[in-house]
Amino acid sequence: VALFSAGQAVAEKLREGILNRRLEEGGTLTMSEPQFDNGVATCSLSAAAATSDVQSAAAALTLSKDMLSVELQCSGAKNIAVPKDLTNVCKPKDAATTTKHRTAEKCKFGKSAQSPEGDEIALHTLLGAGERVKWIQKTQAKTGDDGQTWSLTLSEEDLPLKDTPFFVGCQSEGSVAKSASNDSCKVPVH
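When we follow this note's numbering, the leftmost residue of the sequence shown carries the number 276, and every step to the right adds one.
Hints in this document: simulated from the structure, not taken from any laboratory.
Just so it is clear, the structure is predicted and the values come from calculations on it, not from any experiment.
Below 20 Å or equal to it, Euclidean Cα-Cα: the simulated PhoX-like pairs (lysine-lysine) are: (1) K340 x K409; (2) K437 x K368; (3) K340 x K437; (4) K381 x K409; (5) K413 x K359; (6) K359 x K381; (7) K368 x K381; (8) K359 x K409.
Across the chosen pairs, the derived CB separations fall in these ranges: (9) K437 x G405: 16 to 24 Å; (10) T439 x N313: 19 to 27 Å; (11) S390 x E432: 32 to 40 Å; (12) L436 x D369: 12 to 20 Å; (13) L436 x E406: 14 to 22 Å.
Don't be surprised by glycine CBs; every beta carbon is placed ideally from N, CA and C.
Can you build the whole structure from these sequences, using the hints too?
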């Protein structure tokens, strides 16, 4: 029995090594839908088409007087936040407007996104708040291969007077140049 357990442990390490090698070789990567939990949105990038059966009660991150901080976790190999470095966010397109900004290319999410879903705008401009309002990168592995975690904290004065939705997301670093791919995850924020 002890020999069987040791063999199983070796087999598990071998399986992990093969999985990591596939990720490094640029195998097919799949992004999960965002999972929301107490002000944290998690987008996981993996080599397998693993989908979670757990459905999140929330469908967006919500900023309010009761929830002044939210977090975006882009987990998985080379899974990064978009728009790049979250210096801007994506303002949803108004159905009546068709703005053609070069930066709008960065607001494409999902493999069916043929056109941008919004326009890039500075967060403080969108909210009508001071320039101090910005996403802060909390963690990143030394190699950058394990994803990123970003947080946004507002004061009550920074909250807009009306609902001002925007979205951010996560995307496989290799697919950012392609603009739209199934290696992306869109996270709405209200």
